[in-house]
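Protein sequences, first through last, are from chains A and B. Residue 1 is where the first sequence starts when you use our numbering, and the numbers rise one by one after that. Residue 1001 is where the second sequence starts when you use our numbering, and the numbers rise one by one after that.
Just so you know, these hints were derived from the structure itself, not from any lab. Heads up, the beta-carbon is just placed ideally off N, CA and C, and yes, glycines get one too. Where hints are given, some of them may not hold.
To be verified - Derived list of chain B stretches under chain A, where covered just means 3 residues or more per stretch with a C-beta under 8 Å from a C-beta of chain A: (1) 1368-1376; (2) 1451-1461.
Claimed, not checked - Straight-line Cα separation of at most 25 Å, BS3-like style, residue types lysine-lysine; simulated pairs: (3) 1485(B) <-> 394(A); (4) 289(A) <-> 318(A); (5) 1376(B) <-> 1365(B); (6) 1190(B) <-> 376(A); (7) 1010(B) <-> 396(A); (8) 1484(B) <-> 1447(B); (9) 1207(B) <-> 207(A); (10) 1485(B) <-> 484(A); (11) 1025(B) <-> 1162(B); (12) 1484(B) <-> 485(A); (13) 365(A) <-> 315(A); (14) 1207(B) <-> 19(A); (15) 394(A) <-> 376(A); (16) 162(A) <-> 207(A).
Protein chains: 2
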Amino acid sequence: METVDEALNKAQVAFLAYKNFSGRKKATFLRAIADEIEAMGKELVETAMRETNLPEARIVNERGRTTGHCRMFADLVEEGSWVDARVDTALPNRMPAPKPDMRKMLVPIGPVVVFGAANFPLAYSTAGGDTISALAAGCPVIVKAHPAHLETSKLVAGAIEKAASKTGMPSAVFQHVHGHGFEIGQALVKHPFTKAVGFTGSLAGGKALFDLANQRTEPIPVFAELSSINPVILLPDSLSRDSAKTASMLAASITLGVGQFCTNPGLIIAIENEALQNFISVLSIEIQKALPGTMLHQGIADNYAKRLAIALEQKGVKVEAQSITRGDTTQGAPFIASVSADAFLKNSTLSEEVFGPFSLIIKCKDINELYAVVVKGHGQLTSTLIGDETEIAKHKALLNVLVEKAGRLVINGVPTGVEVCPAQMHGGPYPATTDSRFTAVGADAIKRFARPVAFQNFPEALLPDELITENPLGIWRMVNGEFKK
Amino acid sequence: METVDEALNKAQVAFLAYKNFSGRKKATFLRAIADEIEAMGKELVETAMRETNLPEARIVNERGRTTGHCRMFADLVEEGSWVDARVDTALPNRMPAPKPDMRKMLVPIGPVVVFGAANFPLAYSTAGGDTISALAAGCPVIVKAHPAHLETSKLVAGAIEKAASKTGMPSAVFQHVHGHGFEIGQALVKHPFTKAVGFTGSLAGGKALFDLANQRTEPIPVFAELSSINPVILLPDSLSRDSAKTASMLAASITLGVGQFCTNPGLIIAIENEALQNFISVLSIEIQKALPGTMLHQGIADNYAKRLAIALEQKGVKVEAQSITRGDTTQGAPFIASVSADAFLKNSTLSEEVFGPFSLIIKCKDINELYAVVVKGHGQLTSTLIGDETEIAKHKALLNVLVEKAGRLVINGVPTGVEVCPAQMHGGPYPATTDSRFTAVGADAIKRFARPVAFQNFPEALLPDELITENPLGIWRMVNGEFKK
Chain A
1 METVDEALNK
11 AQVAFLAYKN
21 FSGRKKATFL
31 RAIADEIEAM
41 GKELVETAMR
51 ETNLPEARIV
61 NERGRTTGHC
71 RMFADLVEEG
81 SWVDARVDTA
91 LPNRMPAPKP
101 DMRKMLVPIG
111 PVVVFGAANF
121 PLAYSTAGGD
131 TISALAAGCP
141 VIVKAHPAHL
151 ETSKLVAGAI
161 EKAASKTGMP
171 SAVFQHVHGH
181 GFEIGQALVK
191 HPFTKAVGFT
201 GSLAGGKALF
211 DLANQRTEPI
221 PVFAELSSIN
231 PVILLPDSLS
241 RDSAKTASML
251 AASITLGVGQ
261 FCTNPGLIIA
271 IENEALQNFI
281 SVLSIEIQKA
291 LPGTMLHQGI
301 ADNYAKRLAI
311 ALEQKGVKVE
321 AQSITRGDTT
331 QGAPFIASVS
341 ADAFLKNSTL
351 SEEVFGPFSL
361 IIKCKDINEL
371 YAVVVKGHGQ
381 LTSTLIGDET
391 EIAKHKALLN
401 VLVEKAGRLV
411 INGVPTGVEV
421 CPAQMHGGPY
431 PATTDSRFTA
441 VGADAIKRFA
451 RPVAFQNFPE
461 ALLPDELITE
471 NPLGIWRMVN
481 GEFKK
Chain B
1001 METVDEALNK
1011 AQVAFLAYKN
1021 FSGRKKATFL
1031 RAIADEIEAM
1041 GKELVETAMR
1051 ETNLPEARIV
1061 NERGRTTGHC
1071 RMFADLVEEG
1081 SWVDARVDTA
1091 LPNRMPAPKP
1101 DMRKMLVPIG
1111 PVVVFGAANF
1121 PLAYSTAGGD
1131 TISALAAGCP
1141 VIVKAHPAHL
1151 ETSKLVAGAI
1161 EKAASKTGMP
1171 SAVFQHVHGH
1181 GFEIGQALVK
1191 HPFTKAVGFT
1201 GSLAGGKALF
1211 DLANQRTEPI
1221 PVFAELSSIN
1231 PVILLPDSLS
1241 RDSAKTASML
1251 AASITLGVGQ
1261 FCTNPGLIIA
1271 IENEALQNFI
1281 SVLSIEIQKA
1291 LPGTMLHQGI
1301 ADNYAKRLAI
1311 ALEQKGVKVE
1321 AQSITRGDTT
1331 QGAPFIASVS
1341 ADAFLKNSTL
1351 SEEVFGPFSL
1361 IIKCKDINEL
1371 YAVVVKGHGQ
1381 LTSTLIGDET
1391 EIAKHKALLN
1401 VLVEKAGRLV
1411 INGVPTGVEV
1421 CPAQMHGGPY
1431 PATTDSRFTA
1441 VGADAIKRFA
1451 RPVAFQNFPE
1461 ALLPDELITE
1471 NPLGIWRMVN
1481 GEFKK
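Produce the entire structure from the sequences given, and follow the hints as far as they go.
Here it is in structure tokens:
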């Protein structure tokens, strides 16, 4: 497609300049993006509210998170140690052969295409974590606007463009394209100048882009966040003491934001006994009290209704509780159901994501069946274990398996609420994401858009600043095997 | 296939134990592998010589490299900082929401399948860099023996098994399978318990495994080293001063080991002038003086003959020099040819690898045409620039493009000779490798077989040792944003 080809040609030209900009210079750009987003004030908040049905407090909070990650990545690249620099100096007299001078650092991978998420119009969209971490790495970004919040996307794109212009960036360091249908997205992923893709959305959509990227003459990495049902395991002894408190905590997590989070707890796994009955009773009351909420857009509401109906008609599934429904098809009503572990294990449909305020309780006969459910589970963003320390210590074998199934393990908490911090891991084995080796949230997200290059026998004057012997940037480096600044 | 299924089931059982072994314990295993390899003495050397036609000095050298990387990875995991630990402590009173305790480290990815390389019977084969870095990470390994050096592979496998037994490893921490045809290899890559693949070999073979891995229900990473022609660019002013010295240096690199290195310089790019004529004259004399050598096996020798013939029959290609040939089809004779940049740019066949002691000289009309040849080039393991510092400094734009084309840039050296050190990057944009974000040589090769997991709100007693607050292992960690020990 002509526009796509033009956009990537411009991005490649921008790349050859932008990739060499210092961390300090890129930081001024990223901070200016945050400033410009804030400068739009109410206009942005109201546009996003109108397009997504999300309440003001949530949008304001999400804006704070977005400007927060702009400034976090600005700090990260200004400081500069993220490039993982390694310096091995020459040993010209080594026998039998001299050791050459070798130095290595991460360099940006090239133009990146980002598909924004429907459920985070700001924090995972046009100026979301993918865009900002790619820009921080030194990669130009082309955002394919999400059609569900196109006006919001245009406003944010305008802010990024203004920031780029004010801070002297190449004009095509950021480009915004939109249009319905799959053609534009496919053309963006297939273009030879595209070197990586960020995507958050459906399993079918993300997998299609992943396949397309791998079928290119030059395959490229796709960081797609696809599908996660975030199991929560309730250990029996602890549940008998804390069933009411646990139920309240989980009800809040299930219904948060009308269940429209990738970390929504969609599966609760426990042993069938009196404590579980108490838990279900309290959870049912909370779910009945919860109100339905308007979902992000009609497509998501319809999909929730469809997926929920499919789950509920599976063999052995019993509705435990639902909130009132108002006959409004744009709304999602909280819902919980239960099924025996035996029926669950026989039916892979019940492991599929129902995106919305729904959770399925798996009733296990005993601890062995609970283990069987956990072992059979596929990749997740998170797995949660609820139980006191003594009881969890008895089930280290369970933890041992859970580590293989998710990118983040939570003890006595809820999976929703993804902290932005260096230790965050947002990504997990397939189908949670297409590359479990990288996080989409937190400082390490920048690593997705970089690759290492070694410089052998370079004169000092030709080395990137990060690798010059005297360390003019004062970054952390591994020098002849020792970490030092 | 039954054997494959059995092997992977055993590997998965071994994994659930082995992954939790301490770095110290894994180190005893890796060092024992080195000891057992050395203990085989002449038997291993002679078997490898017989199967590969490589001379004794080379095999002894390669054995040293193999035991060297066993001990290097032992040191690495014993020290322990490779897990990239991050600790972000809780802020329970933070407003508007408390910050949870979050910690992160790399954990092993699962059972790894390794296909050894024909051209390195020891260092990139059964106990090669892929196997040893995967074992170091905590992953069981299944090696598919290379049929061209099966006896060598069996001997090394025996050494690894003995080492595993002596140091108390699970028996299936390492398994050795062999057999002709593609079925076993395909079944190994497709098995659900396989979590990563290491491969060194042909573009067609590696790409087939890469595609297979991506078509699985759960796609898995493939680290395949495929094809690289390692361009060497001769800058004109410097060449006019140093043409004879440069020619001798390159002749040695082209003919080293009968050209059977993935870093063999297959392309020499220069501006057509008197200096280049002098260079070609000296290089021709060196090539004529060089003797043909017996190649690794008949298949490689036949392939060299075939690929060379294809290259030489392309339009505009002129033979510049060849060594004597002896009419022995197992031998590879050094060969150089030249072609105009114009003809080269029009013919993609000339960019394909000719695995053996062959190099093609691209004669450019001027510096603009030289740039055009570089810009058009695809991904490589290495790119080399020959010229003095002043002249290179005038061509920073060339360096700026070269960084995008290769994993390692060499100035005034040759691409052959891959130093094993922390700053090494052996891997490059496709088709050099299938994942340019990881190296196959040096300490960072371990990162290919690991993925990060975050531990949220874990009691100290349930944390892995690497993440315990008091840092009992004394490793480097990022704690609340600061690197410390």
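Results of checking the hints against the structure:
1. 1368-1376: violated (count 0)
2. 1451-1461: That given contact holds, which follows from 10 residues of the stretch 1451-1461 of chain B lying within Cβ reach (below 8 Å) of chain A.
3. 1485(B) <-> 394(A): 31 Å, violated
4. 289(A) <-> 318(A): Status holds; Cα separation ~19 Å.
5. 1376(B) <-> 1365(B): 16 Å, holds
6. 1190(B) <-> 376(A): With a Cα-Cα distance of about 18 Å, the restraint between residue 1190(B) and residue 376(A) holds, given a limit of 25 Å.
7. 1010(B) <-> 396(A): 21 Å, holds
8. 1484(B) <-> 1447(B): 21 Å, holds
9. 1207(B) <-> 207(A): 19 Å, holds
10. 1485(B) <-> 484(A): 11 Å, holds
11. 1025(B) <-> 1162(B): Answer holds: residue 1025(B) to residue 1162(B) is near 16 Å, not above 25 Å.
12. 1484(B) <-> 485(A): 11 Å, holds
13. 365(A) <-> 315(A): 18 Å, holds
14. 1207(B) <-> 19(A): 30 Å, violated
15. 394(A) <-> 376(A): 21 Å, holds
16. 162(A) <-> 207(A): 34 Å, violated
The structure fails to meet hints 1, 3, 14 and 16 from the earlier list, while all remaining hints are met.
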